[in-house]
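For reference, the chains in residue letters:
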Amino acid sequence: MSPARRLPQGGRIDRRRRLRFTFDGRSFEGHPGDTLASALLANDVLLVARSFKYHRPRGIFSAGQEEPSALVQLERPGGRRDPNLRATRQELFDGLIAYSQNRWPTLRVDVAALNDRLAPLFPAGFYYKTFMWPRWAWKALYEPSIRRMAGLGQAPTEPDPDRYEHRFAHCDLLVAGAGAAGLVAALVAVRAGLRVIVAEDDVAIGGWLLGEGSARVRLDGERPDLWLAQVRAELEAAPKCRLLCRTTVFGCYDHNFVALLERVADHLPEPPAGLPRQRLWKVRARQVLLATGTLERPIAFPGNDRPGVMLAGAAATYLHRFAVLAGQEVVLFGNHDGIYAIARDLRWAGARVTLVDSRQRPAPRLVDELRDLGCEVRTASVVVGTGGRLRLQQVHLTTRARAQETTGLPEVIPADLLLVSGGHNPDLALFAQARGRLVWEEARGIFLPGEAPWPVRVAGGANGCPTVAAAFADALRVAREIVIDLGRTPPSVPLPLVEEPGAAAIEPLWRVPMPKPRQRAKAFVDLQDDVTVKDLELAIREGYGAIEHLKRYTTTGMGTDQGKTGNVVALGLAAETQGTSVPELGYTTFRQPYLPVPFGAVVGPHRGRLFDPVRLPPSHAWAERQGAVFEPVGQWRRARYFPRTGETMEQAIAREARTVRQACGLMDASTLGKIDVRGPDAAEFLNRLYTNDWKRLAIGRCRYGLLLRDDGMVLDDGVGARLGDHHFHLTTTTGGAARVLAWFEEWLQTEWPHLRVYLTSVTEQWAAFALSGPQAREVLRPLVEGVDLSPQAFPHMSVREGRVAGVPARLFRISFTGELGFEINVPAGYGAYVWERLVEAGEPHGLVVYGTETMHLLRAEKGYIVIGQETDGTVSPIDLGMEWLIARGKGDFLGSRSLARPEMRRPDRKQLVGLLPRDPAMVLDEGAQIVEDPTASPPAPTLGHVTSSYASPNLGRTFALALVAGGRSRIGQQLYVTRLEGPPVAVEVTAPVFWDPEGKRLHA
Amino acid sequence: MLLIPCPFCGPRAEIEFRCGGEAHIVRPADPATLDDAQWADHLYFRRNPKGVHHERWWHVHGCRRWFHLTRDTVSDRILAVYPVGSRSPLASREDER
Ligand SMILES: [Zn+2]
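Protein chains in written order, with the numbering used here: chain A, 1 to 1004; chain B, 1 to 97.
If you are wondering where the hints come from, they were derived from the structure by calculation, not from laboratory data.
Keep in mind that the hints are not guaranteed to be accurate.
Claimed, not checked - Below, a sample of chain B positions facing chain A; criterion: calculated Cβ distance under 10 Å:
#1 L3
#2 A13
#3 R18
#4 V26
#5 D30
#6 W39
#7 N48
#8 W58
#9 V60
#10 G62
#11 T70
#12 I78
#13 V81
Ideal Cβ placement from N, Cα and C applies to all residues, glycine included.
Chain B with its partners taken away, still in its complex shape:
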């Protein structure tokens, strides 16, 4: 069970959280202008990297705040925690698409 450093509450056990999947997926401002393939890409397609992954987490049984963290999916080490709306300190172009 991961020990997740909630930016608002400090380190807490994983059971208090819910993972919201890949971070930095912005809902298109005007979805009506997208064709079906582009919309499907937004809706369904996610990266599944072996290694560094930026993801959304929700401290549901705690402060109920969403935040982002960067995790190594192989070792499960948590490499960074940062607020919604900002870039990971470890962000590279290709892993933020």
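Just chain A, with the same shape it has in the complex:
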């Protein structure tokens, strides 16, 4: 048996096949070719949603992607859940399971519909006005309950099992929209030999010609299908043309960068093997043509949101494309000629039709023709209300003249379908995204495309063409311009002869004027955000009349549909209310994406292991075998500590740190940035960049170097070694490697291009292993060839070349622990081999392998800073007590002028100091604030903060480094450090070096 509202013939559905689906648990049937919306309407299901704020019953309002109301949630196998899908664009498939949203417990009985009765409590700006105080209540009370009440669908709880692709493409011309205009333009471009991409949101090409147009238009005397089939065949056969259906152009960005979402498998229960669910196209087009057609707009009148109220064009689409007559007793309300043809079609399909035309004198021919068919026609009349509970039952009519009278009851007529049409807006969202200007045309009350900053053009309905013939001619003209712009010869493209009704005359009407007593009834402008005429008027009275204010204060146009149906109505109404014009009021920004884009498509393949590259140092495999615990440091994965069986992290670090100072330790420092600097001007170049004097550094010696920005603040640090007259090796921090190379290159290329210097990043070429501790020399000795390791021949801060474990190596005598130290650099390919030889050689000497935690602890004991921990871009070398690193007499360098400012020497600047908690077991929080008075209540003045904090096994107590205002003059004082829980704790301010202040161990 056929569903109640399906006509016995017609439409683009495959009646031989039946598709079963459920909505809110009830089973229904539809056919291939149906959308979920058309199948629901065929089954006479009008109530499909509850509205966002008032939880009012809502139905299906449109037949396309502009749908504001009929948002549903789909559940598919494998945990796939898609909320907020438009029922009007979801293709039906066998076994589809859909649910309504934003209702509890059921769609028919929704408890939160009480909001509708309480509407006076929810005026425009409600969120701003109501939930202000007390502050604690926002998180605890308001936000959770608002989220529960005003919801869209539910986010999925399972990981998405599907694959999403990203594809890049280039073309000469991208055509958005494959309706009459888009197809003609595509034909012209294809025949001119251009590379063309045609993107169509719908499942097939044709646009309006697939539905209403198929009944209204003849091309060369035939139904448009024939012409569409020919065009499709030609485009599909053209080698340089790519025709993408089920594909939405959702973003027009700068310089014709265009983003497309292709719904590869959304019309199937799950994607076929080998295919993604969706594909995101990133296209760079030399030219863009927007043939996006028009969007029908409603008229605001009380009760215009009841299920059973629909756009007139949508009803025509359901009739002609889906063979669904959405109602038997139809009232058609509008302000233009176009509704007469729709009334006629509905009448022929068997409905009783009353046409309500707001205009005084529509063309008598149209009126007479309808009356002859047995339809009722009311001119100069308006709809002033609707009745019915969960679906439309009555329509209230009156004459336009009487609509504003306070007395007199409207006429009530029975109806199960109320169709409304306020005209057709060119869909210029993409044009506006591309920063095209919109120009207002008063006569039709529409925006038309103006100038665009780059080659983006508009043709057809979107360009204001009222007929198919006009759209054809327009597309032909624009496409020829494009072909010529691209240096080709326009081909001949004969157009079919078009038979169609003429352009529809229109008198713009935004809303039905309402007398005071009936103003309690809601006349909606934005169905998705539940914004009414009254909300807009109130916002304007409260001073939010500017269009950008009005939008944010009332939230009109801010839903997932971006006000595709209601925005121009809101604009026209706001202009009317304020006695101004639309051009004076302006319009709000159209933003990408045109339609909601699932996160899966945006993320594409960049998830899991492909989210971000992982960089591994040479010792990684060895460390993994030892059961090391790792931590991410930028993209690097570094060993954090090496626990032995049963050890906690604290115990492991204490053991590692103690052993380094008592015997020796080995750490993989290969992640440090390394820059090879060569050329006759290398020393001069480095002198300009660093605070240090590199010209006076002897070959074979090293120096700790400090880089400042030109504002005098510390940028990075590292060790530089002079390998030759014209050859230096510089290291940077792990995180600063790319930044420092960029800094070098920028100055070299832009400010000092005459310096003869060559820069090469060698971070990944050298494995670097830090060996330090009193036994370091003994561990290394048996492995080294060609280098005398004695303190006299190889003093602290020097570099030698030789062999380690038979591998060519650079040995640096440097230390980040404060102990005797060597950094062994070997070509990275030999790194793992040399690492294991070092570990073996260390075994008899009690060598420990340590990770980043111990490294941080040991350097802090010694008062060595870490960039980004002791510095934050506002810390100068003077603040750090590192003035000794600023070379005198070498002249200007980056940061030197700024260091000379008196401000830099203010005694109350934050300076690096040490802190010893009075309780030697108390570990301070890094980042904790430092205060003078522990009893002061917040907001208390803060003196600075803790930058590094550790429990030291070598000191037998806890300690910290900190930046404290006037810190050096406070040494010996007691201050207090705040905690997240509990009162501040007392600390003593000290010098920042806790271990071997004389440096004897370093020079051993």
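With chain A fixed as given, assemble chain B with the ligand onto it according to the hints.
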């Protein structure tokens, strides 16, 4: 996303580049001779024009060369591309200070 004509590589997407702000700011030869106000002006103060702007760009994920381009900050149209150390073909006195 802008399409930037790198003078060394040709037109490439903006994500390959980094913008280095206003062009033609020359670091003073001897900063020590500047007073604090002059130095602050050099260090911090930049033009923020509505319209034609000469700026520095770096093709960081490409040839790694710096170059200059002239851009209309309203329309984002790129009006000229030219090497470091030369003047924009669209340069006027006042926009180069
Ligand atoms: Zn380049």
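Hint by hint, here is what the structure shows:
1. L3: holds, 4 Å
2. A13: Hint holds; A13 (chain B) Cβ to chain A Cβ min 7 Å, cut 10 Å.
3. R18: Because about 8 Å separates R18 (chain B) from the closest Cβ in chain A, which is inside the 10 Å limit, the hint holds.
4. V26: holds, 8 Å
5. D30: OK, holds: D30 (chain B) within 10 Å of chain A, min 7 Å.
6. W39: holds, 6 Å
7. N48: violated, 19 Å
8. W58: holds, 7 Å
9. V60: Where the cut-off is 10 Å and the nearest Cβ of chain A is about 7 Å from V60 (chain B), the hint holds.
10. G62: Constraint on G62 (chain B) not satisfied, violated at 13 Å.
11. T70: violated, 15 Å
12. I78: This hint holds: I78 (chain B) lies near chain A, its Cβ roughly 8 Å from the closest one there, short of 10 Å.
13. V81: Violated, because the Cβ-Cβ distance from V81 (chain B) to chain A comes to roughly 14 Å (cut-off 10 Å).
The structure fails hints 7, 10, 11, 13 (numbered hints given earlier, in ascending order).
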